[in-house]
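Please model the entire structure based on the sequences and the hints provided.
Here's the letter readout for the chains.
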Amino acid sequence: MQYAMMIYAEPGYAEALPEADREAVIAEFAALADDARCVTAAQLQPAETATCVRVAGGRTLMTDGPFADTKEVLGGFVLIEAANLDEAIELAARVPVTRFGGIVEVRPVVAR
Amino acid sequence: MLASLVGFLGDFDKAEEAAQEAFAIAAERWPKKGEGEAGGMPANPGAWLVTTARNRAIDRIRRERTLAEKIHLLPVPETVMDVMDEFDDTVIKDERLELIFTCCHPALPLEGQVALTLRALGGLETAEIARAFLVSEETMKRRLSRAKAKIKATGIPFAVPAAHLLPDRLDAVLAVIYLIYNEGYSGRVDLGAEAIRLGRVLAALMPDEPEAHGLLALMMIHHARRRARFSGEDLVLLEDQDRSLWDHAQIAAGRAVLDRAVALRGRGAYVIQAAIASLQTAEQIDWPQVAELYRRLAELTGSAVVELNRAAALAQAGDPAAALRAVDRLDLDGYLYFHSTRGELLRRLGRHDEARAAYRRALELATSTPERRFLTRRLAQL
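First to last, the protein sequences are chains U and Z. Its first residue numbered 1, the first sequence is counted upward by one per residue in the working numbering. Its first residue numbered 1, the second sequence is counted upward by one per residue in the working numbering.
FYI, nobody ran anything at the bench for these hints, they're computed from the structure. In this text the structure is predicted, and so the values were computed from the model without any measurement. Some hints could be false.
The following residues of chain U were derived to be distant from chain Z, with all beta-carbon distances above 10 Å [to be verified]:
| # | residue |
| --- | --- |
| 1 | Tyr3 |
| 2 | Met6 |
| 3 | Phe77 |
| 4 | Ala82 |
| 5 | Glu90 |
Cβ-Cβ distance ranges computed for the label pairs, FRET-style [to be verified]:
| # | chain 1 | residue 1 | chain 2 | residue 2 | range |
| --- | --- | --- | --- | --- | --- |
| 6 | U | Arg99 | Z | Leu165 | 16 to 26 Å |
| 7 | U | Ile103 | Z | Glu137 | 34 to 44 Å |
| 8 | Z | His248 | U | Gly101 | 51 to 61 Å |
| 9 | Z | Glu111 | U | Ala68 | 18 to 28 Å |
| 10 | Z | Thr301 | U | Asn84 | 48 to 58 Å |
We put the beta carbon where it would ideally sit given N, CA and C, even for glycine.
Put into structure tokens, the structure is as follows:
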């Protein structure tokens, strides 16, 4: 089944890392994205670039910034195909940010 | 029975439904002794129930499949169909171990793990579990169905975890069983005995895991002393307990389980705690050895509470001054037993004013009646 892994981290965490760690993070994320079980992986631009959109009375309304005002922000997502939750959790634990205080939320995708 | 059915059907709700049907048939047929083939109690009632439940479930799946073929809806899950092809009436595989790991999956909320383990493996009724945890039956029912829904929706596997995941996952299982054991002190259902039963099942299913034996031994030895732990409403300390109230057969049985854990080179936290409990039931308690075991346990767990116990053992070994020095290094100001232990050590050292202050602080933190009564008595004795 498919699982979405939503990656949350403090903004600028990667920039704050020592050079060697930062390179390792990039390499590990690339390796994960290359895994055969990975359907798609994306890193997002910083939260300041976010625009929230809703429609009210036929008008499209926009607000600046991310939807939730939290310390950790959504920084990327990965869609994977895994046999079960244990396999999905193993892949989630390979997202490098989990070693630096970040969090990966794993959610099964509704089957179509 | 439920474990076998969940394993077979891959679905809690279907398994429970099938089990209920089988029980209903049994209730109708078994009492009719001597009324031909269909009546009377079968030679092996357990196997009969599982087989009947499985057959009922298969009938149901076949009915659903026929329906699905007719209306091209309701696809029957592949896995269930695969198992059905290999179906053999005579072999009932023991799938309790898989069920234990599913129920105690760390992706489930802890209270859900506990409830599910008791329901699916302990065979307790929802109402009984609700009573034990002092919540309404409705709340417990919701807790169980949320946990079951999460297992299904998220694909929590019905399997023993892979070898590289096993140590962590076994820890989670042991923690759930030990939590159930410890809840036994506050609830109304005998969860202590239930936890021991679960521990016995786990140790039998994982005979090479020292910590499974360690936990079982720990619970058995503690449980054997339960009748001596209270005198009416009052808490009785180990050294003042009436040993004739101990269940000596269970202590011996617990020690045998501990021997097995040690023979497997068990050095884990449960094995050490069981060894301590075993030493404490000896005629002459070897306190220096108890203190040494607490030192190793503290190394493993990094727990200040364990350090406190080590200090208490040092005092029993005859060195209250060293014990007090060890206690005063700990940062446990909000902990009742920190203050009661300090009070006891100060009393032994003849520093009665300080002892009284420590006992008063402990009394402020005490919430249960037996604890309050115990501390009040200690204060009065000073």
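A quick look at each hint next to the structure:
Look at Tyr3 of chain U: its CB is around 8 Å from the nearest CB on chain Z, not clear of 10 Å, so calling it non-interface is violated. With a cut of 10 Å on Cβ distances, Met6 of chain U stays outside the contact zone with chain Z, its closest approach being about 14 Å. The claim that Phe77 of chain U is not at the interface with chain Z holds, since no C-beta of that chain comes within 10 Å of its own (minimum 17 Å). The Cβ of Ala82 of chain U does not lie farther than 10 Å from every Cβ of chain Z; its closest approach is about 8 Å, which violates its non-interface assignment.
Against the 10 Å criterion, Glu90 of chain U falls within the reach of chain Z, whose nearest CB is about 8 Å from its own CB. Look at Arg99 of chain U against Leu165 of chain Z: about 18 Å separates their beta carbons, and that is inside 16 to 26 Å. Taken as a hint, the range 34 to 44 Å holds for the pair Ile103 of chain U and Glu137 of chain Z, whose Cβ atoms sit roughly 35 Å apart. Range check, His248 of chain Z to Gly101 of chain U: Cβ separation about 52 Å, and the 51 to 61 Å hint holds.
In this structure the supplied range 18 to 28 Å holds for Glu111 of chain Z paired with Ala68 of chain U, their Cβ-Cβ distance being about 27 Å. The given range of 48 to 58 Å is broken by Thr301 of chain Z and Asn84 of chain U, whose C-beta atoms sit roughly 31 Å from each other.
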